[in-house]
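S.K.: So you can see what is in the structure, the chains are spelled out below.
Protein chains: 2
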Amino acid sequence: MGQQIKPRLAKGTRDFSPADMNLRNYIFKTITGHFDRFGFEQIETPAIENLETLTGKYGDEGDQLIFKILNSGDYLSKADEDLLREKNSSALIPSISEKALKYDLTVPFARYVVLHRNEITFPFRRYQIQPVWRADRPQKGRYREFYQCDADVIGSNSLLLEVEFINLIHNVFKDLNISVKIKLNSRKILFGFCQAIGIENDFTSFTTILDKLDKKPWSELEGDFADAGFTADQIKSAKKLASVNGIELTEKSVARLSEEIPLTEIGEKGVEELKTIARYLGSSHAEVVELDLSLARGLNYYTGAIIEVKADKVDIGSVCGGGRYDDLTGIFGLPDTSGIGISFGIDRIYDILRSREESLQQTRPGKHVVFVNFGENEVKYSIDAVNSLRQAGVRSELYPDADKLKKQFKYADQKGASHVVTAGEAEIEKKEYRVKDLKTGEQWELSFDKMKNLLLKD
Amino acid sequence: MGQQIKPRLAKGTRDFSPADMNLRNYIFKTITGHFDRFGFEQIETPAIENLETLTGKYGDEGDQLIFKILNSGDYLSKADEDLLREKNSSALIPSISEKALKYDLTVPFARYVVLHRNEITFPFRRYQIQPVWRADRPQKGRYREFYQCDADVIGSNSLLLEVEFINLIHNVFKDLNISVKIKLNSRKILFGFCQAIGIENDFTSFTTILDKLDKKPWSELEGDFADAGFTADQIKSAKKLASVNGIELTEKSVARLSEEIPLTEIGEKGVEELKTIARYLGSSHAEVVELDLSLARGLNYYTGAIIEVKADKVDIGSVCGGGRYDDLTGIFGLPDTSGIGISFGIDRIYDILRSREESLQQTRPGKHVVFVNFGENEVKYSIDAVNSLRQAGVRSELYPDADKLKKQFKYADQKGASHVVTAGEAEIEKKEYRVKDLKTGEQWELSFDKMKNLLLKD
Chain A
1 MGQQIKPRLA
11 KGTRDFSPAD
21 MNLRNYIFKT
31 ITGHFDRFGF
41 EQIETPAIEN
51 LETLTGKYGD
61 EGDQLIFKIL
71 NSGDYLSKAD
81 EDLLREKNSS
91 ALIPSISEKA
101 LKYDLTVPFA
111 RYVVLHRNEI
121 TFPFRRYQIQ
131 PVWRADRPQK
141 GRYREFYQCD
151 ADVIGSNSLL
161 LEVEFINLIH
171 NVFKDLNISV
181 KIKLNSRKIL
191 FGFCQAIGIE
201 NDFTSFTTIL
211 DKLDKKPWSE
221 LEGDFADAGF
231 TADQIKSAKK
241 LASVNGIELT
251 EKSVARLSEE
261 IPLTEIGEKG
271 VEELKTIARY
281 LGSSHAEVVE
291 LDLSLARGLN
301 YYTGAIIEVK
311 ADKVDIGSVC
321 GGGRYDDLTG
331 IFGLPDTSGI
341 GISFGIDRIY
351 DILRSREESL
361 QQTRPGKHVV
371 FVNFGENEVK
381 YSIDAVNSLR
391 QAGVRSELYP
401 DADKLKKQFK
411 YADQKGASHV
421 VTAGEAEIEK
431 KEYRVKDLKT
441 GEQWELSFDK
451 MKNLLLKD
Chain B
1 MGQQIKPRLA
11 KGTRDFSPAD
21 MNLRNYIFKT
31 ITGHFDRFGF
41 EQIETPAIEN
51 LETLTGKYGD
61 EGDQLIFKIL
71 NSGDYLSKAD
81 EDLLREKNSS
91 ALIPSISEKA
101 LKYDLTVPFA
111 RYVVLHRNEI
121 TFPFRRYQIQ
131 PVWRADRPQK
141 GRYREFYQCD
151 ADVIGSNSLL
161 LEVEFINLIH
171 NVFKDLNISV
181 KIKLNSRKIL
191 FGFCQAIGIE
201 NDFTSFTTIL
211 DKLDKKPWSE
221 LEGDFADAGF
231 TADQIKSAKK
241 LASVNGIELT
251 EKSVARLSEE
261 IPLTEIGEKG
271 VEELKTIARY
281 LGSSHAEVVE
291 LDLSLARGLN
301 YYTGAIIEVK
311 ADKVDIGSVC
321 GGGRYDDLTG
331 IFGLPDTSGI
341 GISFGIDRIY
351 DILRSREESL
361 QQTRPGKHVV
371 FVNFGENEVK
381 YSIDAVNSLR
391 QAGVRSELYP
401 DADKLKKQFK
411 YADQKGASHV
421 VTAGEAEIEK
431 KEYRVKDLKT
441 GEQWELSFDK
451 MKNLLLKD
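Chains as they are written, first to last, in the numbering used here: chain A, 1 to 458; chain B, 1 to 458.
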């Protein structure tokens, strides 16, 4: 195998060890359990997409951050010699790289929907939990390879779906025992406001600056707005808009916006939509769902309601977000297909739960028995018991070597086993097993059936 | 979003649609259920590894098939100008690519074990189910991105582990309802045989040719052996060796090898090991486990028992394979660490099950209710029922739009729903729901509680 190599992870990547996986699987299982109950179906798209499928969808900065895959074989054969001489890295990419790692789940999902449009039952409710890759500078809590967890319904513009997603989010975080606020706004209201104060041509720049409000104080944003060319009056209006937050979402609180905020027709349409959503929601989750006009969401494909979820008492940014879009699939040839989607921030949810002792307890598997190995004569007796316990569904192991007792007990302890079973000559003669509860220290000598019953008990 | 792009998959990659995912998740769940009961713990390693971690581990051909990732930013800045002028693709790789996609789960696992040696409880039982990537020429049933499903125990040379893996394999395929033969051989027997007939220096070439026996008839292999420089006598001996297959694995049948096959000391050690395994196994799975000296396994890191599993009555190659190795982690600085591992052929198992109607039935989710949408007045009545059913664990949907009844029933049918619920003015007045069983056509008018009981019944 050649010379020795130092074992290292690639920059910005992680290994997930067994304890990490237990917690991650618990989170995935909880979330997908709710997806299932809401009628969402799972799909997976490949890690590798054609570069042309991804390029141009995430802005210039995004294009830079897409990981490109070198063509295999003699990848330089078609490369332009002048460009090589100039060392023109970016102009050479198309001739040496056809494929790339996916940057998010959304664009490949749009590609999937168009490619499979004839097999799909619309409105299509799908979810997807897969890794994505970004050539970002790695830093604490930001990785180059990380999981996204998305749910979308595509092919209907019914506002009932906004309500469905709010219910879904509420159920998921309740089940995860994370207390949250679900913030709601409408891109139509934001756009109608910008039209009304005469900055509709700078809408993207407006929302990009507003979106920073959770990272910067308003005073700093004022400078950013001024730098972007907004007038003092416009900034004053924006401040009033942004001050509408933390308000209970009711038909009444939404209706009041038409009086308080300058809005054009499209803005009023946004108000009507939020009113309908509030009416459908009624009093459910009243303490959790908030109207927040300062919410902008960075992504420009949103065209209707936008949603963002913040965990209470934890300064960790948003743990879930999403919104309504009108034309996700147009670029691949299926225009005018409205949809709505959300994305759960798996890594942040993981960080919140990891810091809690009780969630780690919860995710540990139940009963787990390690049988001590006393050598070949005793092993045969134990193998049969181990296999029968497994048949009954109990996690069971026979320690593979006849090592010192102390070492075998240490193994059981470190693996988090709940019980250790010893069966030496004396026990074999009596057709029994000595079972020790590692938590309480209690011990019993039991027949196989009694041992099985003990281990199957909750 | 720029100009319109045709939706295409990258060559050799696949989308998994909901029906695919149901079957795949059923397979994963079945296998991991057994991993859990055998005390294996899950880990994940990143898709991206440093190129130096992978290079040189899979032979020259393998190195070619590793997908390399282009460095981000100005990747040509450090490239040698002479090499660029020569268009020397292979010599330039180290200067423009530091990272690669993992080629299998084994080498990153070895890297993981050495990197985390101080946190791991040895003997370490781990499993891993993740995609890997190979720049192979795509063809029917062979993909550039595919899943591997591996289980290993590292840090013990106990032969009990060989027995454990045979039991594990047996339980998994029994549960999947796939009838198989588990073939067993020992690389020590093969090596002892080669020593005895004087070809130990050509051991790799010998096993590589022998490994082709399931793809070519013996007559063709004879030509290959001759081309590789083996004498007629040696080929005759090899034929006798390879004829020992399809034999029930017992202490007796293994002991007979010492008389029938020329073996040196290391070969006799292999015989002793298989005898011990046969003794531990006793009569369990006697009809399934076979001795097969024609089994070679292509991979050169195996040093002890080797295992291969063939499905009966399906000409689909091996569905699982593995073996004992003595020095997987040496290259990363942890020498002399014996282990044993197996890999399940997920794609082949998937192909076998997909062709069976009953397995598709089995993997379909249970009760699934679609509520018809009659417009805003009726919707509120249905939303509450839908949410309460979900709370009770029933997969439930409210169709988002007040479309024609026919369209809504078609949606329910295409999504495989078991029941459709209609609640119009008449039902609302009576506080009831009209429930239709889509399979039998039966209909009932029920209160919410009675409907819930009906849907929770098996």
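Just to be clear, a hint being listed does not mean it is correct.
For identical chains, the list gives no copy identity; a pair is met inside one copy or between any two copies.
As the list claims (entries may be wrong) - Restricting the straight-line Cα-Cα distance to at most 30 Å, the calculated cross-link-like pairs of lysine-lysine (DSS-like) are:
1. Lys380 to Lys275
2. Lys252 to Lys404
3. Lys407 to Lys275
4. Lys181 to Lys430
5. Lys87 to Lys11
6. Lys174 to Lys367
7. Lys239 to Lys436
8. Lys11 to Lys57
9. Lys275 to Lys87
10. Lys212 to Lys29
11. Lys29 to Lys174
Hints were generated in silico from the structure; no laboratory data involved.
S.K.: Next, verify each hint and record whether it holds.
M.R.: Taking the hints in turn, this is what the structure says about them:
1. Lys380 to Lys275: between (71 Å within a copy, 15 Å between copies)
2. Lys252 to Lys404: Cα proximity of Lys252 and Lys404: none, with 73 Å in one copy and 33 Å across.
3. Lys407 to Lys275: between (66 Å within a copy, 28 Å between copies)
4. Lys181 to Lys430: Answer is neither; intra-copy 61 Å and inter-copy 37 Å both fail.
5. Lys87 to Lys11: Both, since 25 Å and 29 Å are each at most 30 Å.
6. Lys174 to Lys367: So Lys174 and Lys367 pass the 30 Å test inside a copy (27 Å) and across (24 Å) alike.
7. Lys239 to Lys436: neither (66 Å within a copy, 54 Å between copies)
8. Lys11 to Lys57: For Lys11 and Lys57, the Cα distance is within 30 Å both inside one copy (25 Å) and across copies (21 Å).
9. Lys275 to Lys87: Classified as neither: same-chain Cα gap 57 Å, cross-chain 64 Å, threshold 30 Å.
10. Lys212 to Lys29: Neither, since 33 Å and 42 Å both go past 30 Å.
11. Lys29 to Lys174: Classified as both; 14 Å inside a copy, 26 Å across copies.
In the structure shown, a violation is registered for the earlier hints numbered 2, 4, 7, 9, 10, in ascending order.
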